[in-house]
Each structure stands twice: as structure tokens, then as C-alpha cells.
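> What follows is the residue order along each chain.
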Amino acid sequence: MELFLQLTLTGLTNGAILALAALGFVLIYKASDVINFAQGEFLLIGAYLIYAMVVQFGLHWTLGMVITLLIAILLGVLIERLILRPMIGEPLISVIMVTIGLSSLLRAVVSTIWGNLPQAFPSFIPTQAVQILGAKVGADRLWAIGIAMLMLLVFNLFFSKSKEGIAMRAVADDQTAALSMGISVSHIFAWAWALAAVSAAIAGALVANIVGVGPELSNFGLRVFPVVILGGLDSIPGAIIGGIIIGLLEAYTGGYIGQGLNQVLPFIILILILMIRPYGLFGKEIIERV
Amino acid sequence: MLSLNNVEVIYNKVILVLKGMSLQVPQGKIVALLGSNGAGKSTTLKAISGLLKPDNGEVTDGSIEFMGERIHHRDAAEIVRMGIFQVMEGRRVFEHLTVEENLIAGGYTRRGLNLNRELEMVYHYFPRLKERRTQRAGYLSGGEQQMLAIGRALMAQPRLMMLDEPSLGLAPLLVAEIFHIIQRINQEQGTTLLLVEQNANLALQVADYAYIMENGRIVLEGYPNDLRQNADVREFYLGLSEVGQRKSYREVKHYKRRKRWLS
Numbered sequence: 001m002e003l004f005l006q007l008t009l010t011g012l013t014n015g016a017i018l019a020l021a022a023l024g025f026v027l028i029y030k031a032s033d034v035i036n037f038a039q040g041e042f043l044l045i046g047a048y049l050i051y052a053m054v055v056q057f058g059l060h061w062t063l064g065m066v067i068t069l070l071i072a073i074l075l076g077v078l079i080e081r082l083i084l085r086p087m088i089g090e091p092l093i094s095v096i097m098v099t100i101g102l103s104s105l106l107r108a109v110v111s112t113i114w115g116n117l118p119q120a121f122p123s124f125i126p127t128q129a130v131q132i133l134g135a136k137v138g139a140d141r142l143w144a145i146g147i148a149m150l151m152l153l154v155f156n157l158f159f160s161k162s163k164e165g166i167a168m169r170a171v172a173d174d175q176t177a178a179l180s181m182g183i184s185v186s187h188i189f190a191w192a193w194a195l196a197a198v199s200a201a202i203a204g205a206l207v208a209n210i211v212g213v214g215p216e217l218s219n220f221g222l223r224v225f226p227v228v229i230l231g232g233l234d235s236i237p238g239a240i241i242g243g244i245i246i247g248l249l250e251a252y253t254g255g256y257i258g259q260g261l262n263q264v265l266p267f268i269i270l271i272l273i274l275m276i277r278p279y280g281l282f283g284k285e286i287i288e289r290v
Numbered sequence: 001m002l003s004l005n006n007v008e009v010i011y012n013k014v015i016l017v018l019k020g021m022s023l024q025v026p027q028g029k030i031v032a033l034l035g036s037n038g039a040g041k042s043t044t045l046k047a048i049s050g051l052l053k054p055d056n057g058e059v060t061d062g063s064i065e066f067m068g069e070r071i072h073h074r075d076a077a078e079i080v081r082m083g084i085f086q087v088m089e090g091r092r093v094f095e096h097l098t099v100e101e102n103l104i105a106g107g108y109t110r111r112g113l114n115l116n117r118e119l120e121m122v123y124h125y126f127p128r129l130k131e132r133r134t135q136r137a138g139y140l141s142g143g144e145q146q147m148l149a150i151g152r153a154l155m156a157q158p159r160l161m162m163l164d165e166p167s168l169g170l171a172p173l174l175v176a177e178i179f180h181i182i183q184r185i186n187q188e189q190g191t192t193l194l195l196v197e198q199n200a201n202l203a204l205q206v207a208d209y210a211y212i213m214e215n216g217r218i219v220l221e222g223y224p225n226d227l228r229q230n231a232d233v234r235e236f237y238l239g240l241s242e243v244g245q246r247k248s249y250r251e252v253k254h255y256k257r258r259k260r261w262l263s
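For the record, the sequence lines run as chains A and B. In terms of our numbering, the first sequence is residues 1 to 290. In terms of our numbering, the second sequence is residues 1 to 263.
Derived from the structure by calculation, the hints contain no laboratory data. Virtual Cβ for every residue (Gly too), placed ideally from N, Cα, C. One or more of the hints may lead you astray.
[What the hints assert, rightly or not] Pairwise CB distance ranges (calculated):
hint	chain 1	residue 1	chain 2	residue 2	range
1	A	V77	B	N114	45 to 53 Å
2	B	G239	A	V77	31 to 39 Å
3	A	M87	B	N37	28 to 36 Å
[As the list claims (entries may be wrong)] Simulated coverage check for chain A against chain B, where a stretch passes if three residues somewhere in it have a Cβ under 8 Å from a Cβ of chain B:
hint	stretch
4	6 to 17
5	174 to 180
In isolation and in its complexed conformation, chain B is listed as follows (with noise of 0.2 Å):
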């Protein structure tokens, strides 16, 4: 469905950022992309989306394409329109609209938008979001406030829904809860995501396939088992030893262990 071909990204036109990203997200799957601070990870999401001209970037090298087309030098909204729509990081919620309006601004894109049906069925999922429709969305707790960002992706109907860190900042039960959202949301709305994160136990448990980048560029890629099976992933991202159990920081000073896919 989307497939990045050796995408380079470059900031400023100095600092690049990518450097022959590819990737491939099937259509109905969850892929997740994981990677820690500074790999590259929102960049290629940008890219995807269009996002990347307010911060100065630009693709320079290498193709987009979503279902066959190239997508790389459309404007942002245009990417909306054809069904892709990422929900940013740090949530971005419009502060002094209520929840109601930030959805109905989330549906901007659609034609012919039986409003109240689209409500309800973002409010199927999010009971806690129709509670609080009239309330401002800056007064939100941050849960909600994601519940919001996604709900907000929802009313766009999209065909794939690019999800930036969802569980940045958030209490573990509700991350598992809106976790639980974003699988349901996978298998009955049938919509495709992509999804960034670092936390790579809770991504790999609900990803079909998972990606890992270091670097602006892929250095790993494979099924979840398998991926939690690598002795790198489990020493790097899941933050067990060799043997299975938790790490111990004292060796770490001893002897830091070299990522086999450096050489």
C-alpha cells in the first residue's frame, strides 16, 4: 500500500536526516517503526504526510509511493484527501476548541460527511470523549487529549493512519487502553497503521511487522517474534541481558556491548 524507496530527507539543505530509508507497509496491517531519540523516525513520517515544508526539510532523493502513486511533492492536504493522516506527536490537540470541534476539524477533508454518524462512531470508541464534548480540549487530561488526536484521525477516515508516539507521556494502563483502541480500530475499521514508537515491547506486541531505525536508515527489520528473539533488539530496545533477565547497569560500565549491525 505505501512503500519508501531509499528516501533521503535533508533540513535546512544541510543536515541530512535520512539517508536511503525503505519501507514497506502492507495494506489491513499494523507495522510499527521503532528506533530511539534523533533516528529519524518522525522525519519519515513527515515525509509521508507532506509535513515536512514548515520545518524547512525537503525529499531529495528516492520515491513515495501510496497505492502506486508518488506522493512525495503533493501538498500536505492533498495527502489527507487521498486517506493518509498522521497524528502528530505530543498529541497537538486544538487547545481552545471543544472536543466536538476538533473532531468536526479532523473531518474537514470529507466530502459529504454525515456528521452525527461519524461522531458516534468516534464516541463508540472513546466513551470518555462524549462526556466531555462541550469541554475546551486544552483541559483535557493527556490521555484524553490522545483519545482526541486519534479520534480526530477517525472523523478523516483514513486508509492508513500514521500514529506518532501515542504512549509519549501517558500513565501504563492508559497507554494499554488506547493500545487496545488502535488494535480494534486495526481490525474493525480496517485501516492500515503505521506506527512510531519507542517503546518497543508494547509496539512488537501489537505490530503485524516491525522496523527498526538507527541512524535515518533501517538496520533491522522482521516479524515481532523474531525481532524479540535478536540478541541486539533484546539487549537494545527490550532491555533484557543475554540470559533473560533484567540488565544489570554494573556490567554495562564494564563492558558496553557493540550493536552487530555498526560493523
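Next up, chain A with everything else stripped away, as it sits in the complex (with noise of 0.2 Å):
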């Protein structure tokens, strides 16, 4: 039963973090219909960033997610006007081709002011044990849960309730209309680009402060397509409970099965939700009127 809770509770923050790097991911596909590749990039420089705040810099961590969060909302918007912008019009699948180099060229980038090496450093966010039900649980896990959360709230309500965030849907649903109505598609991109960046960022820092900083970091950005796949390539529902789900699953396999096969099992949900349900859990249908 101890075990069990220890493996929800591990689950669990895996599932919230791979649900924010998820989410990032959902924002692009839901404005643009692109899917981006760099994700696992954007996750791993805010990372490096953080780090950077907090180690390099000796700054406050809170001082240092502020500057990390604006750093990569800058990041974001740049992205979207120097690489998308030029590329608008262009076939969907040259966008996607983009986003590839520019993973390389984030990843290449980042080793080259940080180096290769993976780097350890102090956990900011307070990591003593909480019990929880007889399970022993570090501080920092619960707070991980918890910030995820919150952002998934947030992101929830800006997209049903706000103006900019229902303009995104729109875009979303047809670039034309959208336009002669006067949304700026341009602008709407930069906004998801940012935002995505920005949850890709707070997801990095969390799981930099549990493990630390290294260039493998990035293939979070691979872990999050069987999330997506599983919740629905378009919904933020979606990645949140596909998150979760993906988490505590690789949680149980790796602590009852054996460790190895929690690596593989995500991948094959993947498999059999795209030969049983392609369009996920929770994602949108095509709506045909007959």
C-alpha cells in the first residue's frame, strides 16, 4: 500500500510536468495547426535558465522564474518573427520541417553556453519529506503538482473566458474569417508561441529543481507526443489528464513491472490510441453537417 502511494504520488508529478511541456504543445497545435518540435527545446532552456538565475547568478529562485518566464516569452514573440512569420502562406508541412531545425539549433545552443555536461545544483523549492498517508514524499514534488495545476487552470480560463483567448480559438478554426474580422493572425501566433514557451519554461524549471540541468532534458519534448496523442492533439483538457494518465502509468510499470518497460509503455498507448481513437481522448471531432 506505501508503495502504491509512493508511485501515485511520483506519477503523479511526472504526469503534471509532462501536462505543462504538453500544454505548450497543445497552444501551437490550437492557434496554428503546427506541430512543433522544438518543444522539448523550449522546456530545456527554461531549465538552463533557471539555473543560470539561481546558480550562476545567485539570485532568489522567485527573482529568478520571473526573469526565466520573461526571457521566455521574449523568446517566444522572436521566434514568431523571424522564423513563422516568413512562413506564412507556406504549406503546412514546411512549418513543421522549421520547428525541427529549430530544435537543433536551441539544443545547439544551449550546449554551447552550457556544455553537455548534466549539472547537479541545490533544489530552491524546499524538498524536505511530507507524509502523506504512511507515503514519504519530498516537498517539491507536492509544489510541483500544485504550480502545474494552477497553470492548467489558468491557461483553462484564458482560453474560455478571455478575448485573446477565444480570438486564438478562432484563428484556430479559420484563418480567413478570423482575419476579416479583424484578428491579427500574426499577432495571435506570437501569443501562443510565447505561451507556449512559458509553460514549456515553468515545466523545465520544475523538473530542473527534482534532477537537476542536462542536455537530455529535451527529450521531455518526445515524451509529450504520446500525451498529446492520448488526451488530443487540440484540447488543454486533454494534455492535462493525458498527462497524468501517462505519468502514474510509467510510475506503476516502473515499480511493479520493472524499470525499462515504463520507457516503452507510453509508446505503445500511442499506438493504440492512434488505431483506436486518432483524434484522443478529448479532441475535436470534424464536424460534418449532413
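With the hints in hand, could you dock these two chains into one complex?
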């Protein structure tokens, strides 16, 4: 029973972080139908930035976090301006290829600045163990769950209530029609990329706090695929629930069956979902009026 | 209010679609623009609203003036903010958004918008939208989608509303209802309307003035009553033969009347 709780909490933490990383992915897909292969690198950059702020510059983590997020926004807007805007009107597949290029570029920039060796650094969020129903769990993990849930709630409200959020979904639905009502499509894309970079940076900071930083963090980008396919590429609740399901399944298989299999399992799920429900649990079905 | 002078539009840098198109829309009136497929009606509207760019089109000559300002090099968002709103052909509602979210998106450019009051105003014209406010727009019927498209335009409170074939694919009863509402909007809100239609009969009933377009230019213009008397219009747009009876297609085969304006 204790093991089960332990695994559940670990799974929830990983799931929450996965969900945050997936969220950025969903945002970009929702607004522009582009699959962003550089999402893992956004997370990597977020992790290294917080490392730079806290360890290299010795800032307090709250201040470091704020600066990290500001840089993330800037990065998102810059990428939209310099790389995606010239691609408007090009076939979608070209834009997707560009994001693959972007991911290599960002990874190279990170290793030029910070090198290729993994760096551990003192956790900035308190880590003392907390007892929950007999299972021990680090407070930082609880923080991770809390922050991730809060962010997801905020994003969900943004999309259902705010004018910008609704405009973003409108652009995803029909760009020309959105243009005809004065919604600036490039402005909306900039929003989407900035928000994606921000959510990835938060996920990156949470991961960095738990396991330290290293170039392999960008693999999170790959682990996001099963999550978004499971939840539906364009669904925010899907990203959350998909993240948690994958996180829990990884933890349980790792704990009960054995390490190794838990790395493969998400991709087995990915294939199954694609066979049974290609638009995911919550993805948008194509509406056909008859 | 709006005037086009000798406007030329070229697609893909090769295809000349508008060949010296001129047209005036006076404030507070309903102006109809009629013509068959491919005459350039939609292109005219897109040239006005700045939506040519996604189609690779460009205004290469002439001028488009709105309230005394030249607008043909401004981008679409700016033109909407100036008060021109195009209801696109084929309704183009945001299928995955609810009815109400569609309306909110329509009011995107308004600053300090009193959302509830504006929504009520739209629901006042289209009570059926109110019943379906939380439904996804993709599941509405064609008529309801057209109402939503017009309601979305109302949210922007435009000075000039351009409607591109609002009767497309709708049952006659619904068309009558929608045209009735269009007239009411014109009278009650004082919105100027530019109406593009293939259904000439219907358009001539509501319009104050009408233009007939062929091959990228205006070939005939006038007040609806005068146009209805014009032999060519009767023959080619209203489907009536000279004596005012239904057209016999047997005669058409034997003798194809030549349009006078082509000579």
C-alpha cells in the first residue's frame, strides 16, 4: 500500500510536468495547426535559464523564475517574428520541418553556452519529506503538482473566458474568417508561441529542481507525444488528463513490473490510441453537417 | 461613403480579375452588386476589406476610398477598425466555438465593449441564436449559421457591412427571413449595406441602388425599378422573356439573345 501511494505521488508529479510541457504543444497546435518539434528544447532552455539565474547569478529563485519567464516570452515572440512569420502561406509540412530545424538550433545554442555535462544543483524549492497517508514524498514534488495544476487552470480560463483566448481558438478554426473580423493572425501566433515557451519554461524549472539540468532534458519533447496523442492534440483538458495518465502508468509499471518497460509503455499506448481513437480522448472531431 | 474608382485587381501577378471597377455606396443605403459566377463580385468585396492577400491578390490600379480616406493598402484588421465588416461567402462560422464565443470573436476590435448589451442586441434580431448560445456553431443549421455570421458582424458595429451571398444554399423561407432582418438592421442601426447576390430578384427588392457586373467591370447600374424594366436584365437576370412570361427554354436554343451591352 505504501509503495502504491509512493508510486502514485511520483506518477502525479511526472504527469503534472508532462502536462505542462504538453500544454505548450497543444497551444501552438490549437492556434496554428503546427506541430512544434522544438517543445522539448523550450523546456531545456527553461531549465538552463533557471539554473543560470539561481546558481550562476545567485538570484533568489522567485526573482530568477520571473526573469526566466520574461526571457521565455521574448524567445517565443522572436521565434514567431523571425522564423514563422516568413512561413505564413507556406504548406504546413514546411512549417513543421522548420520546427525540427529550430529544435536542433536551440539545442546547439544551449550546449554552446552551458556545455554538455549534466549539472546537479541545490533545489530551490523546499525538499523536506512530507508524510501523506504513510508515504513519504518530497515537498518539491507536491509544489510541482500544485504549480502545474494552477497553470493549467489559468490557461483553461484564458481560453474559455478572455477575448484573446477566444480569438486564438477562432484563428485555429478559420484563419481567413478570423482575419475578416479584424483578428490579427500574426499577433495571435506570437501569443501562442510566447505562452508555449512560458509553460515549457515552468515545466523545465520544475524538472531542473527535482533532477538537475542536462541536455537529455530535451527528450521530454519526445515524451510529450504520447501525452498529446492520448489527450487529443488540441485539447487542454486532454493535455492534463493525458499527462497524468501517462505519468501514473509510467510510475506503476516502473514500480511493479520493472524499470525499462516504463520507458516503452507510453509509446505502446500511443500506437493503440492512434488505432482506436486517432483524435485522442478529448480532441476535436471533424464536424460534418449532413 | 465608399467609392471605388477604376480598381484593378490581379491574382498571382498574372490573372486580371477586376478591370476598371467603379462603384459608389452612399451612407445609410443598401446597394446591391449583381452578377453571375466569376464576374468578380467577391473579389470586389475582398479588395475593399483587405482580404486579397491570403488569395495572392493585389490591387494594382485605381483607388478605394472610405470616408474620404484611401484604404486599399491597409491591412484587414485596420479596415475592420475603420468600420468596414465583410460577412464572407459560405458563412465561415467558427465551428468548434459556441454561438456566443463566435459573437465575442466578432466584437474583437471593439474597445470598451459592453458585452452583455451587444449580445442582447444581436439576440434581439436573431432570437434563435439565443436559444442555441451554448451550442457549438458547427452543429447549427445553414440558416442559423448565416444568422450567426451576420450577428458576428453586428457585434463589430460596422458603419458599412458587406454581405457576400447571404442567400447561398438556404431554403426560400429562410432567405426571406434573413433579408427581412437585413433590412431592419439597415433601418434601425443605420448600417450601410453592400449586398452581393446572384439572386437578382431578391436583391432588387431590398436595394436602393444596384450595379450589375460582368467580366470584372460594371456593365449596368440604376435604381431597382428601372433595372427591372430593362430588357436585358429581365432576360438574363430575372428569367423573364420580353412579354413578361416565364422563359421558354426551347426558344433559347433557337435564338440566343445578344446582350446589348456587349456590342
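> Look at each hint and say if it fits the structure.
Against the structure, the hints:
1. Between V77 of chain A and N114 of chain B the beta carbons are some 31 Å apart, a value that contradicts the proposed interval 45 to 53 Å.
2. A beta carbon spacing of about 56 Å between G239 of chain B and V77 of chain A contradicts the range 31 to 39 Å that was offered as a hint.
3. Checked against the hint of 28 to 36 Å, the pair M87 of chain A and N37 of chain B passes, with Cβ atoms roughly 33 Å apart.
4. Under the rule that three or more residues need a Cβ within less than 8 Å of chain B, the assignment of the stretch 6 to 17 of chain A is violated, with 0 such residues.
5. Given as covered by chain B, the stretch 174 to 180 of chain A passes the check, having 7 residues with a CB less than 8 Å from a CB of that chain where 3 are the minimum.
Hints 1, 2 and 4, counting from the list given before, are not met by this structure.
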